[in-house]
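Kindly generate the complete structure, drawing on both the sequences and the hints.
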Amino acid sequence: MAHFAIPSHILTGKDALTSAIPYLSEYGSRAFIVTGKHVGKSPMLDQLKKTLEKAQIAYYVFDGITGEPTDQMIEEGLVQYRKAGCQFVIGIGGGSPLDSAKAIAAMAVNEGKIADYNGKEMTGRVPGIVAIPTTSGTGSEATKFTIITDQEKDIKMLLKGDCLVPDLAIVDPDFTMDMPKSVTAATGLDALTHAVEAYTSKKAFALTDVFAVSAVRRIMKYLPVAYQNGYDAKAREEMSLAALEAGICINNSSVTLVHGMSRPIGALFHVPHGLSNAMLLKECLGFALDGAYVPFADLGRAIGAATEQDSDETAAKALLTQIEKLCSICEVPTLREYGIKEGEFLPVIEKMAEDAVASGSPGNTRKAVTKEDCMQLYRKIYG
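Position 172 of the sequence shown, counted from 1, bears residue number 199 in the working numbering, the numbering being contiguous throughout.
To be clear, the hints were calculated from the coordinates, so they are not data collected in a lab. Heads up, none of these hints are tricks.
Cut-off 30 Å, straight-line C-alpha distance, at most; resulting in silico cross-link-like pairs (DSS-like, lysine-lysine): (1) Lys352 x Lys394; (2) Lys407 x Lys180; (3) Lys64 x Lys76.
Right under this line is the structure:
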């Protein structure tokens, strides 16, 4: 049986925030806004505040999410949430504030520390969760997942549960217009990774396939445009939709090898999640290819990189070639170019491989993946 879960309400397009007023009023009269320093000083937050005021909803702003979220940030946010007497949570920003908003909402009704829930299913009736992305990539506005770094263990915890799916997703492409090129590339390639992995996952099924193919088509066509010109309205709209579609995909069919190997790099070397995914795409997808020629070939044909007359192996490899070209256009650095030293990277390869396999994501790959495979891939990617 396939289970398909999405937010209760999804509003897209210009003025989506204004259209959200009737829905926001359903979650309570006092909102806890979770964001970072940049968005916290932006016109987007001002617009959100005005919208809440129109809806006669009081609010408290917590802008303590700096970089990728940690368990300490969540603890601090939870303290502020309770002190402010809020009734629901709004995450506005990139994937980090959205993930943090989910984590704070979940921990508001669950006992213990957030680290206690690593790898476990989170449950309970959590406060309402509203997600407003300002980047096009993480898909957190549509997923039951949140990734939080455990600072003591130096691992990225993957927390999950249907209770973490936002009640309301507000996707306005105008909010993504001022993304820097580097963030446009990293988040866009993150969305591409979501869509490709969801389509080629063991857990893929008909409904997720529809969203995955659509997302891959949009990203391959419009990410280069958005990267070259961040103010191209059409490209920003298409990328916002693609990120949403890709988020819906991974929420229901999961990710595979790339994400499993990416999280340890992010935890130990603080590489932004989308960028570390992009760094791994060529080698990880290349490794997975011969275990799933048919789905990879489907995507190759869907983007016009191959025809029906081409063999599945040829079409699959054509897809990989186009993804490599896209990574080149988006100027994705190698681990070495990013500044990670060989003497720091090689000694932790075994730990990263263990953490990757333990995350469960590589197990969704249609080809068997071992700890030794991951170690070999880490060496290859660095070399």
